[in-house]
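Peer 1: Sequence:
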Amino acid sequence: MALSTSEQTRLVAAFKVLGEPTRLRILCGLGLECRPVTDIIQATGMGQTHVSFHLRMLREAGLVRAERRGPFIYYCLADPSLPGILQELANWLDARQIPPTEGASRLGRPGAATSTTTLEVRS
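Counting along the sequence shown from 1, when you hit position 97 you're at 85 in this note's numbering, and nothing is skipped either side.
Do not rely on the hints blindly, as some may be mistaken.
Quick list of simulated restraints, FRET-style, between CB atoms [to be verified]:
1) Arg56 with Thr89: 36 to 46 Å
2) Pro88 with Arg56: 30 to 40 Å
3) Glu76 with Glu48: 34 to 44 Å
4) Glu76 with Gln(-4): 34 to 44 Å
5) Ala2 with Val25: 32 to 42 Å
6) Pro88 with Phe60: 14 to 24 Å
7) Arg56 with Ile86: 32 to 42 Å
8) Ile61 with Gly33: 14 to 24 Å
If you're looking for bench data, these hints aren't it; they were derived computationally from the structure.
Note that the structure is predicted; figures quoted are calculated from it, not measured.
The beta carbon of each residue, even a glycine, is placed where N, CA and C say it ideally should be.
Work the whole structure out from these sequences, hints included.
Peer 2: Here is the structure:
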């Protein structure tokens, strides 16, 4: 497989966004349904400021989109094929028994993804 420099740059940027455990949890939790920010705050247990920051990063990366519905902002996946792509990557890693890197298991932040964290990809 030959990837152009532009394609490599886009992949690196996407993996950087997805490499933050909170953003990956938010993304997996959205599934195919649009959800209000308040639901995302409750699901993550994080404060509004932190959730909004991560949602902005996901939106700027083109992974989610925001919809205004009356006084509320709802967030949706930008592409419905994303959960399947994430699940395929997880399956590929599982089949090869690729462990998390040492750095990933030492994140030490509440809610950080480790080898014992399960991320449900909603579809």
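Peer 1: Each hint: holds or not?
Peer 2: Here's how the hints hold up against the structure:
{"no.": "1", "hint": "Arg56 with Thr89: 36 to 46 Å", "verdict": "holds, 39 Å"}
{"no.": "2", "hint": "Pro88 with Arg56: 30 to 40 Å", "verdict": "holds, 38 Å"}
{"no.": "3", "hint": "Glu76 with Glu48: 34 to 44 Å", "verdict": "violated, 24 Å"}
{"no.": "4", "hint": "Glu76 with Gln(-4): 34 to 44 Å", "verdict": "violated, 20 Å"}
{"no.": "5", "hint": "Ala2 with Val25: 32 to 42 Å", "verdict": "violated, 23 Å"}
{"no.": "6", "hint": "Pro88 with Phe60: 14 to 24 Å", "verdict": "violated, 36 Å"}
{"no.": "7", "hint": "Arg56 with Ile86: 32 to 42 Å", "verdict": "holds, 41 Å"}
{"no.": "8", "hint": "Ile61 with Gly33: 14 to 24 Å", "verdict": "holds, 19 Å"}
Checked against the numbered hints above, the structure violates hints 3, 4, 5 and 6; every other hint is satisfied.
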